[in-house]
Amino acid sequence: MKEIYLDNSATTKVCQQAVEKMVEVMTENYGNPSSLHRKGYEAQKELEDVRKTVADMLSAEKEEIYFTSGGTEGNNTAVFGAVGALKRRGNRIITTSMEHSSVIESVQKLEKDGFEVVYINSVDELTNVITKDTILVSIMAVNNETGFINPIEKVKKMIDKANSPALFHVDAVQAFGKIPLKPKKIGIDILTASSHKIHGPKGAGILYLRKGTRIVPLHYGGEQEKKLRPGTEPLPNICGMGTAIKNLPDMNEELQFMRELNSYCREKLKDIPNVHINSDTDCLPYIINFSVEGIKSETMLHYLENRGIYISSGSACAKGKKSHVLTAMGLSDSLVNSALRVSFSRYNSKNDIDELVKEIANANNTLAKIR
Amino acid sequence: MKEIILIKLGEIVLKGLNRRNFEDSLMSNLKRRLAKIGEFHVQIAQSTISVTPVHDDTDMDEVEDCVSKVFGIAAFARACVTEKDLDKIKQAAGEYLADTFDTPKTFKVEAKRSDKKFPYKSPEICDEVGGYLLERFPDISVDVHEPDVTVTVEIRDLGAYIRAGLIRGAGGIPVGTGGKACVLISGGIDSPVASYMMAKRGLELTAVHFASPPYTSIRAEEKVVELLERVAKYSGRIKMFTVPFTEIQEQIREKCKEDYFTIIMRRFMMEIAEEVARRNGCHALITGESLGQVASQTLKAIECTDNACDMPVFRPLIGMDKEEIISISRKIDTFEVSIQPYEDCCTVFTPKHPKTKPVLAEVLREQNKLDCRELVERAVEGVKLTTID
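So the sequences go chain by chain: F and L.
With numbering that gives the first Met the number 0 applied, the first sequence has no gaps in its numbers, which climb one by one up to 370 at the end.
With numbering that gives the first Met the number 0 applied, the second sequence has no gaps in its numbers, which climb one by one up to 388 at the end.
One chain only, chain F, in its complex shape (with noise of 0.2 Å):
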């Protein structure tokens, strides 16, 4: 059976030429970037290479750049960080409802702590809430789930005429590689992205923290990454992570791309009765979600998996625990679990997509409605 991976937005294929490197910075360049001779000085210069390439990226300088384990460490590390250096500043907290886990989470914890934490809906909302005590606004450039395009250069504007001591802190981890990010151009303080997004390996991450920014550090033990995240690089990941990001195709070629893909997609759809498209046509072309009103997003996931193709149950998969992005964006009930995310990489074809729908189109067929 054909294998058809639509779900990269969850992880992707790691692509070739990092798997390469990968190895080689296992079996032969395996030093301890600190160590002191000349295994370990070969091992930080990889290092460092990877910093300039992410750097070049960003439009941002090399000392700018921390690597993390990936996307959460990065959001933990920049809300706990950004709050335990501002917390004589001031209480608030803004971030908007539909942020990944890793964000809600952690200023769930800082208000059990006692900070006060304020969830909009729009960003629109932030100059009404935005006040000369708040600390932290963090917000996502891009949704994990719709694909939705927050303005993050209002936002930056928003703060700095509400003349907040605000640390701005950005989760680009949908976004990174895919759209324009200038963090330093922009005036974001924090932005954190991920490797295994962008065909990278897993358990590698990247943290911009804009010259002169203070955070305070999550883990001690060690002076790697200035002591903001210390303990032993794992210089293979960052090193695949380094080389998925040299191998990116041109931008604006491959949003290109992702655009015809994704309004193929949304035309083929049209004709299955039941379907429901919750993803504005503005949204980042990569991702598209929809719901075939009826069937259960798990049991459409499972349907299709027996035929070779694999996309993500738009909800969140645990039962009873519905999806908080589609929630909050005051989508039914009956919409929410039946909600598909199927999400593209430049390994994708419109013959996938045929696939795709043919397929959705005989499970509305056969599969058995929930009323």
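Worth flagging that the hints you see were computed from the coordinates, not collected in a lab.
Among these hints, one or two may not hold up.
[Claimed, not checked] A partial selection of chain L residues facing chain F, derived with a Cβ cut-off under 10 Å: (1) Ile-43; (2) Glu-342; (3) Val-347; (4) Thr-349.
Positions of the beta carbon are idealized from the N, C-alpha and C atoms, including for glycine.
Fit chain L to the known structure of chain F by using the hints.
Okay, now just chain L, sitting in the frame of chain F:
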């Protein structure tokens, strides 16, 4: 110094003429379980079983854990063995209890002399050994009423044993002595607990699980296997039959009234389980039902499902509260697995308002819209066997 495990039999000792059968069962269950850990001599004498490792590097913690999960055992203890010689006994007690007595504690010594040829009487053994220990460990003192540690010296036919305290065993009667029964297992909290409870009463277990792909996932099935693996630590080997249930669920969904969905589904489950059970030598079904817990477990609902099969149905949890069930599931280590959130056959198509007081005649009328016999036959023919050991 040789460490062994001494096992005291439970209810078995109350049995009359067939006591031997129970003892034989227990011995063979014990041997089979222990064989997974290493080599042991397992002997029974004077209503006490001794488990002696053949090799000195045997992990006795592992052996203790294994023994603690075998039904038919009232209590057991780790003990050290020595020759039946008072000086050797004292010496061995001193060495064996060195760890126990390295902090201040109160203690007393008890002696049991079942080998009457031993020249010292029990009180004399207590005095001698107690005096020796007091001298050897300056921080301990005697308290005969509420001691921290009770040291027991047993003089038996096969040797002298020294032990500190007795650990409660799993209780119950040996698995297999009660025959074989078939449990309906979904993956929730209740059915593993029900399985454990009936195995405790001597039943050998067979299990049926209903799978409805694509409405349920392979993970739900794996979850059930993991649950049964944990139950099998107590019950021994379990044969699990996975029943293809998709067609039946789709048919009920399509042709029967929504509020009867669950009750009709459960009737099918009972009927299929009974047939699988019969073909595999079982004489009863086991379910995890608890009265009133959900709509399908009201008295009226159970009346309707019970009617679908002729075999006796054991419902060991029927009078228990959820909290009580959960505390057992924690004890037998199934809780953490049970709460993993995968869709199972019981949650697919759950009606919004299920009938809590279904009437049998109406249920039958609805169910008879389907070709029941053929559906059941096809399901039974399609079962897949997994052996869990």
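Taking the hints in turn, this is what the structure says about them:
1. Ile-43: Nearest chain F Cβ about 49 Å off; hint violated.
2. Glu-342: Holds, because the Cβ-Cβ distance from L/Glu-342 to chain F comes to roughly 5 Å (cut-off 10 Å).
3. Val-347: Check passed: Cβ of L/Val-347 comes within 8 Å of chain F, closer than 10 Å.
4. Thr-349: The hint holds - L/Thr-349 has a Cβ within 10 Å of chain F, the shortest such distance being about 9 Å.
Hint 1 from the earlier list is the only one contradicted by this structure; the remaining hints agree with it.
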